[in-house]
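Residue numbers (our numbering), protein chains in the order written: chain A, 1 to 361; chain B, 1 to 182.
The set of hints was computed from the structure by calculation and includes no laboratory data.
This structure is a prediction, so every number in the text was calculated from the model and none was measured.
It is possible that part of the hints are untrue.
Below, computed lysine-lysine pairings styled on BS3-like, alpha-carbon distance capped at 27 Å [what the hints assert, rightly or not]:
hint	chain 1	residue 1	chain 2	residue 2
1	B	Lys29	B	Lys19
2	B	Lys38	B	Lys19
3	B	Lys121	B	Lys156
4	B	Lys36	A	Lys84
5	B	Lys3	A	Lys339
6	B	Lys36	A	Lys339
7	B	Lys93	B	Lys74
8	B	Lys38	B	Lys156
9	B	Lys29	B	Lys121
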Amino acid sequence: MIRKGAFCAEGIVDNADVNEKGWVLINDLIGALVVMLGVLFVVLTMIAYLTYLERKVLGFMQDRLGPMEVGPWGLLQPLADGIKLLSKEDIIPSEANRAIFRIAPVISLVPAILAFSVIPFGHDSFGFQGVTLHPYIADVNVGILVILALSSIGAYGILLGGWASNSKYSILGALRSAAQVISYELTAGMSVIGVLILSGSMSLVKIEDAQAGGFWHWYIFPQIVAFVIYLISGIAETNRTPFDLPEAESELVAGFFTEYSGMRFSLYYLAEYANMIIVSSVATILFLGGWNPPLPSLGFIPPVIWFLLKVYFFLFFFFWIRATLPRLRYDQLMRFGWKIMLPVSFANIIVTGIAAYFLER
Amino acid sequence: MLKKFLNTILFSEIGQGLKLTFRHMFLRKITVQYPKEKLVLADGYRGFIVHRRYDNGVERCVGCDLCEAICPAKAIRVVSDIHPEVPDRRYAKEYTLDFTRCVFCGYCVVACPVNALSMTKEFAHSSFTRDGLIYSKEQMLALGDRSENDSDAYLKVRNMWDAEDSGKDEGRYHFPPITLGG
């Protein structure tokens with residue numbers, strides 16, 4: 001360590017062992033902070049350009065060009081949108097519950113960003129001057145539970161925002177959202193269990209390690225039913241078409257954020273796209289092997305690239321679905337969730353459990 | 001029965017839709033990036049109405065009021081008078097065309113016995129005031145001088161071009177065949 005002497009003056013800490021431990025702590029702290037800032041920066045940039053990507057993909061699928069004016073091929077459009085949203089007037093309706101109205105978008109966004117703390121983006125940690133940088137913020141041994149828990153908290157932001165706006169469209173959107181998230185979070189959680197049985201761990205890093213060595217090890221093949229169920233309930237959880245009933249613009253103006261404008265509106269917007277990335281990342285990790293290359297011989301491409309490729313495939317799939325399918329009716333949504341998705345996911349758990357039990361013998 | 005069940009669990013209808021939207025991603029886009037690229041307008045395009053001149057620069061309009069009479073939107077107002085210098089000749093002392101009322105139907109061009117009116121390919125005229133779109137005869141003449149080829153082409157393609165019209169100011173009424181009904 002070159003820099004050690006500068007920090008620990010002689011006489012203040014004279015025990016060499018304590019000195020060494022203190023340095024490890026500080027290095028860990030610096031490493032964690034750098035990774036956190038990096039992940040936050042990358043995630044926020046990804047969200048900004050996701051809006052651009054969505055408009056482009058939707059435009060191309062509808063024989064249009066999408067945004068073209070700001071910058072070459074409209075590449076600076078997210079920046080212009082951000083400046084516009086931040087500089088817009090912040091309106092709070094006079095009959096709104098002001099405190100809750102203010103805090104609701106934050107409740108929606110913070111869990112969505114927090115969930116990135118357990119997402120592993122890559123494989124290899126690398127060291128720099130004693131500071132170890134991991135490609136994830138934390139490898140929690142109940143990572144998947146953390147993500148499920150945080151994504152349910154996000155629903156409170158929607159619910160509170162809709163209620164505090166004191167508008168009939170908002171409250172209807174919020175109620176729909178609450179019912180929808182409860183129904184589909186259940187099936188999402190149930191579909192995950194099959195993968196947990198196979199991998200024997202809830203840590204996202206361990207689940208990915210269990211799928212190493214070629215695409216035939218990925219859990220999409222033994223868990224194809226769970227994969228489809230997870231994808232459908234993921235789309236429903238993020239309130240995307242064809243499950244965008246909470247913000248159905250033809251019925252509810254904009255649903256739960258009808259009364260929001262400017263900065264607070266953009267927080268809801270960010271939360272929606274952050275949730276999309278979370279759902280895509282989880283689907284990638286659980287079913288497509290995360291950072292693992294499809295063939296062992298393709299290992300020379302960095303794991304981060306593989307991870308992002310798969311995540312963007314899912315994000316593209318979300319846009320693709322949005323360009324293709326119309327919105328479900330509300331009774332169809334509920335019937336599909338409770339009478340089809342839930343029994344099928346239960347059946348999947350039972351079959352996977354029995355198969356895993358006998359195959360282990 | 002089995003086929004229907006398989007179609008349901010394999011989402012085959014959704015698959016069809018996805019295939020369609022995916023194919024459309026690679027088709028030619030129909031967007032025209034308007035200020036940067038413009039469509040080629042046909043010769044018969046009914047754009048802004050202009051006044052035309054004879055080859056020697058004398059305006060063709062004789063103030064006959066036929067365009068005012070036929071205008072379905074009542075956008076044209078003509079005040080005709082005897083020409084102060086040339087005896088035996090009438091002209092439009094005042095001629096205003098209100099482009100906020102004009103429906104660009106082209107009837108006035110058909111009605112004109114001396115081919116004094118024609119239409120151009122200009123369409124991007126805008127103004128911050130209503131008065132700015134009420135064009136006087138002088139403005140319409142200036143517009144006509146600017147887009148002479150377009151106004152000639154309009155009359156030709158709309159079959160109103162008078163082949164006997166030499167372009168010389170002969171002080172007489174030319175009735176194009178379409179005006180005479182054959």
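Comparing the hints with the structure gives:
no. : hint                : result
1   : B:Lys29 - B:Lys19   : holds, 18 Å
2   : B:Lys38 - B:Lys19   : violated, 32 Å
3   : B:Lys121 - B:Lys156 : holds, 14 Å
4   : B:Lys36 - A:Lys84   : holds, 25 Å
5   : B:Lys3 - A:Lys339   : holds, 22 Å
6   : B:Lys36 - A:Lys339  : violated, 54 Å
7   : B:Lys93 - B:Lys74   : holds, 18 Å
8   : B:Lys38 - B:Lys156  : holds, 23 Å
9   : B:Lys29 - B:Lys121  : holds, 25 Å
In terms of the numbered hints stated before, the structure departs from hints 2, 6, listed from lowest to highest.
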